[in-house]
Every structure is written in structure tokens, then in C-alpha cells.
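Undergrad: So the protein lines, in turn, are chains H and L. FYI, the working numbering numbers position 270 of the first sequence as 270, with every residue one higher than the one before it. Basically the working numbering = 1-based index in the second sequence + 1000.
These are calculated hints, taken from the structure and not from any lab test. We treat Cβ as the ideally placed atom computed from N, Cα and C, and that holds for glycine. It is possible that some hints are incorrect.
[As the list claims (entries may be wrong)] Partial selection, computed: residues in chain H whose CB lies under 10 Å from chain L:
1. 40
2. 43
3. 74
4. 82
5. 96
6. 100
7. 208
8. 209
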Amino acid sequence: MTIDTKFDQSTVAMTVGTKRSAARSTFKHALLIAVGLVMLYPLIWMLGASFKDSEHIFSEVSPIPNPFILDNYVRGWNGAGVGFGTFMINSTIVALLSVIGNLVACTLAAYAFARMQFPGKKIFFACMMGMLMLPHHVLLIPQYVLFANIGWVNTFLPLVVPKFLAVDAFFVFLMVQFLRGIPTELDQAAKIDGAGPWKTFFYVILPLLKPALATSAIFTFIWTWNDFLTPMIYLQDPRNYTVPLGLNSFLDASGDSAWGAMFAMAVISLGPLFGFFLVGQKYLVQGIATTGLKG
Amino acid sequence: MTTLTDPTGAPEASSEERTGDARARGPLGPRARKSTSLRRAVLAEKIAPYTFLLPWLIGFFVITLGPMLYSLYLSFTDFSMLSAPEWVGFDNYIKLFTNDPKYLDAVRVTVVYVLVSVPLQLAFALAVAMVLNRGLRGLSLYRSVYYLPSLIGASVAVAVLWRQMFGSNGLINQILDWFGIEGMSWIGNPETALGTLVILNVWTFGSPMVIFLAALRQVPQYLYEAAAVDGISRWGSFRHITLPMLSPIVLFNLILQMIGAFQAFTPAFVVSGGTGGPVNSTLFYTLYLYQRGFTGFQMGYASAMAWILFVVIALVTAVNFWFSKYWVHYDD
């Protein structure tokens, strides 16, 4: 008897529960959409403002440009002395070389840490983890002195060469974590078949590492594309400026007067980031979920 | 952590034993030739890890550890890059704390920024992650939308946008105008300028949120079911199940975001035009370091600042770990 009544009560509770949960989920969606809109509104508004003349930029909350003008893009692109196209090319070169450097160097280091035994491994691994915590600013000045002494100032080398030396410990760590999920039986099978460590690395491990490589590539691209401080220190000639430096110099040159053109170039500078974001969001989410990288 | 790597160690260890054997028998004659080739193979195997590690080793010694030590040395010198560093003992450190009010401003601004923006950002991240959990439809779309600002938050483009939005004729004031509130230049007012940067940091709550979401999925469902059977309220199960189970991840996010916030640079630089103004109200630590080191070329002084930052970040991380035993729950 008692069991039956209990059963009845719980089914009643369940039907009430589903109704309540439907209402709750509608409320949740409304809340989430509202929060999302508030968050994205400035970006949408900036996109709209980049097609407005300056009078409308400062008087309209609506993002829809009316009249719709392309003048900002023309003015911004030809910009302050050096064209914005040069900045885009420079940034692309730096970002792509950084991606290659990080993929090569960090993968090799991660393979050694995750799969090989050698004297000093524990200490080196601890050092690598320490580099994760090391504030970049401690190295800023001594590295500048070093690179200035070998004549690398005003070239892309100080921005790119460190990537080929695996100093982005985040990616070493990310790939070590990923490698730990790949069964070691595969390596051992390759070894029994007579493959040396390099063959094993190239034919067994590398193909399996693809998701981690994609994550590292996308993060490296986004971080180097956004990086402002390092290029500002090393690049002095405007012809070598990367996009963030170009944008900032534009801001310096025109003050608060040329917002339209500035927004137009800001939109263009965010373009590649949006592109990578749309293509690679799966890898981005995986990447931060496994290692907790800061985006 | 190393347990998974151990299996690779086993065959290698046995090959080392083999070498030992071969070496011992080497001089006995017929086996000698075999042992040299074997020895060479073993040598190659021993060297192989270092060839993989070579780029990292160079990177570690030449452009990380070496520069770190050099920077420590520089912090005890007067150095403008034009002449050799001149040893001054603790002068830089003493001057920072006793004779440089601007430095103390930078410290205060940065501490306020870290202590206000990081907890707010994490609270927001956790709240949204809680709402997003539980098999909500469209989860991946929401996650992407909320995550987007994290990717671009440190860019100059967004800082430029912020400068307009919170300026005297900016978007925020236009919106306030609807409600009949008269705005002001939020970035021009020393009382509110730092607040705009705090908002910018909170806006990038997406990356801790994604980590929270991944962690929430690890909380065993039966705990909630048991709580529901016991008639525990939603708040109760959040307080007594979710929070304790999530506490290691809260600690992880806290440390990560604090380290990041201590090093924030771009937004303050762009919004204040590189000055850290008005009245030093956005003078982030790193911004002042940049000013001293790369516009004033006081490399020794700036190195001292960098080392203090390094030590503070290490201490804050250590204190976080130490305090964590009082509030972080580990399952095992």
C-alpha cells in the first residue's frame, strides 16, 4: 500500500516538474539571450559604426548605419602614412611563423617529456611547469638587451625565433597532457617493428596529435595577432608595424577625431580572429577545457 | 602524473641492462664487434631524447633562465643601455618603496584591479556556467557567444572600442541619456576610469566559464539525485555539492586569472593613451614598468620592478594554495 501511494505521488510530482522545468528553461533561454546580447552589443555596434559618418557615430545607439558609407574603410586603409595593408601583411607573417615555430618546437619537447626517459627529465619538466607561471615581464628587459646586442631590433626575429625554441610552455603542457591520453602500446608496437624514436614520432604520434596541433595553432595565431607589448618594444619603423601597433599609432595620430576610420580598421583587425574562431571553436573549447589556457 | 609515462621506461631500462652485459663481455673476443654496434645503437637511443628536446633546451637556457638571472643582476644596477651597468646595491628597491609615489600608485591600482575584477569575473563565469549546464538546448551556441570576448578582450581593437564607449560622447552615455541620466567621461574621470577596465575584464569571463562547464560535467549526477531524494533545495545542493566538488577548479581559475590580471597591459595603455592617467588611475604595474624601462630607459629600475612582480605573483600563487586547504575539497 504505502509503496503504491508513494509511486503515485512521485508520478504527480514528475508531471508538475516537467511543466515547471519547461517554464524554467524558457526563462533560462530568455536570460541567456539577454546576457549574450548585452555582451555582443558593443561589437555589433562597432561594426555598424564603421559604416557611419562621425556625426552619426556619436548620436546613435542603433547599430544600423543610415546612410551607409564605405568612406571610413578607404580612409583607414590608406591610414597614417604606411597603409593598413602593410600592417596586415606583417601581422600575417609574424603570426604564421609563430604558428609553425610553436607546432614544431613544442611538439618535439612534449614528445620527449611524455614518452621518453632520460636523465634530468624530472628537473626539466619542473622547469617547464615553472615557465608557465613566469611573468613575461621578467624577461622583457634582458631579452631586449640580448636581441638589441645581436642587432635584431626592428626585425621580426625577436617575435618569431623564441617560438622555434618552445618558450610558450602552455603548448608544451597542452601537448604533454594530450599525449598522455594516447596509449603507449602504440609506441611499443612501433618499437618492436623496428621503428626508432623519430619514425615513431612522425608515423605514429604526429597523426594522432592532430587535435592538439589544431588547438595550439589557433591559440598561437590569436595570441600573436593580438600581441601588442612585444612588437611595440621591438618594432620602431612603421613599415614593420603589426596590426595592433598600426591601430595604436592611428589612434595617436588622429586622437579622438577619426573614430569612423579607426572602427573600420578595428573591424578589419578582428576579422581573422573571427575567422579562426568560427573554424576552430571546437578545438578552442577542447584546449581550454583540458589545460585551462587563458583565451 | 608520471604513472602513464612509466611503461615507456621499462623497455628502456632493460636495454640499459643489456648494454651493461655487452660491455662486460666485450673484451672477451668474438662478441666485441657486436658490442660496438650495439653500443652505438644504445648511445643513439640515449641521445635521442635530447635531440627532441634541443629547441626547448636552448629556449630554456638561452632566452629564459639566462635572461632571468641577468635581469636579477640588472635590478641591482643603474643601466640605460648606453653604458655598462653600474652596481648600486639595493638602491632601486629602496627608491621604489620610499621615493617613488608613482610606483605606489601603480601598485595600488593593480591590486585594486586584481582584487575586484578577478572575483567578479569568476562569479559571473560560474553563474553562467551553472545556468548553461544541465543539457540546455543550444549550449554550444551560447558557449561560443560567451567565449568570444575572451579571445579578443586583450586586443587593441577592443580597447579602442572601450575608449569610445566610455568617452564623454560615447555609447554608454547615449544609452544613459534615454533614462535621463547625464553621463560623463568615464575614462576621463579618475574615480571611474579603472572601473571601465574592470568591466572589460569581467566581459572576458568566457574562458573560466568554459573550464567551469567542463568541470561541472564531471560532478557525479547521483549526488544531485540523492540530494533531491533527501528534499534538499537547489541552493542547498549548489552550496553542499556543486561548490565543494568544483572547488579545485575554482582555485585553478582563481590562480590563472590572478596571474593574468597582474600582467594586464594593453587595455590600460590604449584607453589612457599610454599615460596611465587620469591622475595615475589606470597606471597598471606593467604599464609603469614599460614607461620606466622603454621610454625612460631605466633598465635597472624596471628590472627591479619586474622582479618584485615575479615574487608577488609567486607569493600570491603560494598563498592561494596554502589557503586552499581550508576551502578546496579533494575527492580522494
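Undergrad: So, for every hint listed, does it hold in this structure?
TA: Evaluation of the provided hints:
1. Evaluation of the residue 40 of chain H hint against chain L yields a held restraint, the C-beta minimum of about 6 Å falling below 10 Å.
2. Against a cut-off of 10 Å between C-beta atoms, the interface hint on residue 43 of chain H holds, since the closest Cβ of chain L lies about 8 Å away.
3. Hint status for residue 74 of chain H: violated, given a least beta-carbon distance of 19 Å to chain L, over 10 Å.
4. Here the hint on residue 82 of chain H is broken, as its CB sits about 16 Å from the closest CB of chain L, past 10 Å.
5. At about 18 Å, the closest approach between the beta carbon of residue 96 of chain H and any beta carbon in chain L exceeds 10 Å, and the interface hint on this residue is violated.
6. Given hint, residue 100 of chain H at the interface with chain L, is violated; its Cβ is 12 Å from that chain's nearest Cβ, farther than 10 Å.
7. Against a cut-off of 10 Å between C-beta atoms, the interface hint on residue 208 of chain H is violated, since the closest Cβ of chain L lies about 15 Å away.
8. Below 10 Å, beta-carbon pairs count as interface contacts, and residue 209 of chain H has none with chain L, the closest being about 14 Å; its hint is therefore violated.
Consistency note: the structure conflicts with the earlier hints numbered 3, 4, 5, 6, 7 and 8.
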